[in-house]
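Chemist: Below, each chain spelled out in residue letters.
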Amino acid sequence: MKSGKIEGVIAEFENPAALIDAAEKMRDSEYTRFDCHSPFPIHGMDKAMGEKRSVLGWIVAPVAFLMVLVGFLFEGWTSTIAYPLVISGKPLFSYQAYGAVAFALMVLTSAGTALFGMLALNKLPRFHHPVFYSDRFAKVTDDAFFVSIEAKDAKFDEKETVEFLKSIGGREIELLIADD
Amino acid sequence: MSVSVQETAATTVFEEPPLIGGKPTFSSITEKISGIVEGKTKKAWFVLFGLASSLALILFGSIGFLFYEGIGIWGINNPVGWGWAIVNFVFWVGIGHAGTLISAVLFIFRQKWRTSINRFAEAMTLFAVICALVFPGIHVGRVWMAYFMFPIPNQMQMWPNFRSPLLWDVFAVGTYFTVSLMFWYTGLIPDLATLRDRAKARFRKIMFGIFSLGWRGGNKQWKNYELAYLLLAGLSTPLVLSVHSVVSTDFATSVIPGWHSTIFPPYFVAGAIFSGFAMVLTLAIIARKIYGLEHILTIRHFEKMNMVIMVTGMMVGYAYSMEFFIAWYSGNEYETFTFLNRAFGQYAWAYWIMISCNVLIPQLFWFKKIRTNIPAMFIISIFVNIGMWFERFVITVTSLANDFLPSSWDYFSPTIFDISMLVGSFGLFFSLFLLFIRFLPMVSMAEIKGVLPQADPHYYKKHE
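These protein sequence lines are chains P and A, in that order.
So the first sequence is numbered by the working numbering: it starts at 320 and just counts up by one.
So the second sequence is numbered by the working numbering: it starts at -6 and just counts up by one.
There could be a bad hint or two in this list.
Keeping only pairs whose Cα atoms sit at most 30 Å apart, straight-line, the calculated DSS-like set for lysine-lysine is [what the hints assert, rightly or not]:
| id | chain 1 | residue 1 | chain 2 | residue 2 |
| --- | --- | --- | --- | --- |
| 1 | P | 458 | A | 193 |
| 2 | A | 362 | A | 198 |
| 3 | P | 409 | P | 324 |
| 4 | A | 297 | P | 458 |
| 5 | A | 198 | P | 458 |
| 6 | A | 105 | P | 371 |
Think of the hints as simulated: they come from the structure by calculation, not from any bench.
In isolation and in its complexed conformation, chain P is listed as follows:
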């Protein structure tokens, strides 16, 4: 056995259905710092894990509303105050023309917020994580399904947690220990 600190434990499950079952049991247990890993998102997993809906929408929406306004005001400011330029005798504050650019700015910034907000909520990029200590875990992006529990979990106990994972149907249970 490797020496070093135990940082967590993973257990493999056979298929999406088994993982959903395990997630329900994890939810009903007292463990909180656990996650269910799969190669693709599994329908119904949020409910099984007792996860709340992602808050990302509440981050993106204010940005969208704000930026469409900023875009509109910026266009108005440049064409009336900063650089008033009469073109074909049209009014300087031709707000009808501002829609396209304000919309584009809104989409651009909201999309950026969606991507970077998602990464921030997921705490990515993060190149180091205890689950990567396991070689088996590499198959999670292929066809394997895992439950991981972090050692930081209040209820984590080397023996009890392993037993618990066994009892909910986990196989190939592996303690996550830094090997170098």
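Got chain P; can you put chain A on it based on the hints?
Modeler: This is chain A only, laid out in the frame that chain P set:
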């Protein structure tokens, strides 16, 4: 606890055959798609890349000479001040639209068949928009002034004119490119993680490791990821409809007969989807053949795409006839002349190429035999691409060549540099596309796995 596979009731109720042919498993999908990226480069790839990159070099060379000599090397004259540069720009932006339509709009409509084609359709969008962006960038004449297009605080205290549709275009297409890139990258993250986990060589592992950002596939990540993907799709949907609408306002807000028309935005969008799907089809047929993806890109996918081509082709045909009707109905003699001149004047040859390729030939897709026949649809997709290029040529050049003042009329003839840049832009497009299919997974593995029947937890029956 043992688990076995059950024939669910759903299997028999829906008569539609499965999306993915063969007997795919999660790992067979990984193996197949990653294998393309990890395996040896095919000879055909080298031949095609050699050809495409040579053409791309012709584009770069021509651009170099353009910068040295000026835009006089093109066939543009007075009154035809907008030549092939604008034609190519509109053409390439249009090509891009199918990618976003497939990835965003079909995602929102839960069209699961999109998963086989969305990744490379999105890649096609990016590369088409790159080709498109080249042209407005170089056509300004004094390219060192191109930064005038952007709202950059400068020592002249000068700002762009936000009342100009040409500036809307800068924002619309620039945003389109950036958002498409973000959407594409978001979709790639789980697949890059797959390639990271499979990588043997250290350099490869590090590169894919960096770009997959440490993805772990935990559901706490998936939940944010899925919402982000949905939001990006939701933002891209109005964006894709707006981009070609804005491009069309470059024409429609002017007072040139044949351009000044409210039908332009929907007409351009329909045309964009039409041409884009044709390009997706062209590329998909070739890639499928070379890499043996017959079970992932099934004939059903192609049939659905052909139906989209037929429908949008008819929308375009409707727009052509409605333009004629309004020209007559308006009683405006300039408008009437312009349209009669398009069909029967000096550019009649271009007009009838456009009508044949865009309106008549896609009608063949009414026949199931033809819309499920690979060689036939390949040829039709090429015709559609040709037809759509000519549509932009007809719109741009005919209206300018015969303007209000007959004494200033002129005929536009392309020079060798017009041709070299058009051909070269195809070289750039195919070079980028070939690099993409060589180094990145061209089909979204995570999404394909998600639509396999065994991805649904209800597929399994437990024997306690």
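Chemist: Residue 105 of chain A and residue 371 of chain P were given as a pair; does the straight-line alpha-carbon distance stay at or below 30 Å?
Modeler: holds (26 Å)
Chemist: What's the verdict on residue 297 of chain A and residue 458 of chain P, does the C-alpha distance respect the 30 Å limit or exceed it?
Modeler: Given that 30 Å is the threshold and the Cα spacing comes to 34 Å, the pair is violated.
Chemist: Holds or violated: residue 458 of chain P with residue 193 of chain A, Cα cutoff 30 Å?
Modeler: Within the cut-off at roughly 14 Å; holds.
Chemist: Below or equal to 30 Å on CA atoms is what counts here, so check residue 198 of chain A against residue 458 of chain P.
Modeler: holds (15 Å)
Chemist: Within 30 Å, alpha carbon to alpha carbon, are residue 362 of chain A and residue 198 of chain A?
Modeler: Given that 30 Å is the threshold and the Cα spacing comes to 46 Å, the pair is violated.
Chemist: Would you check the hint for residue 409 of chain P and residue 324 of chain P, treating anything up to 30 Å between C-alpha atoms as holding?
Modeler: Given that 30 Å is the threshold and the Cα spacing comes to 73 Å, the pair is violated.
Hint compliance for this structure: hints 2, 3 and 4 are not met, and every other hint is.
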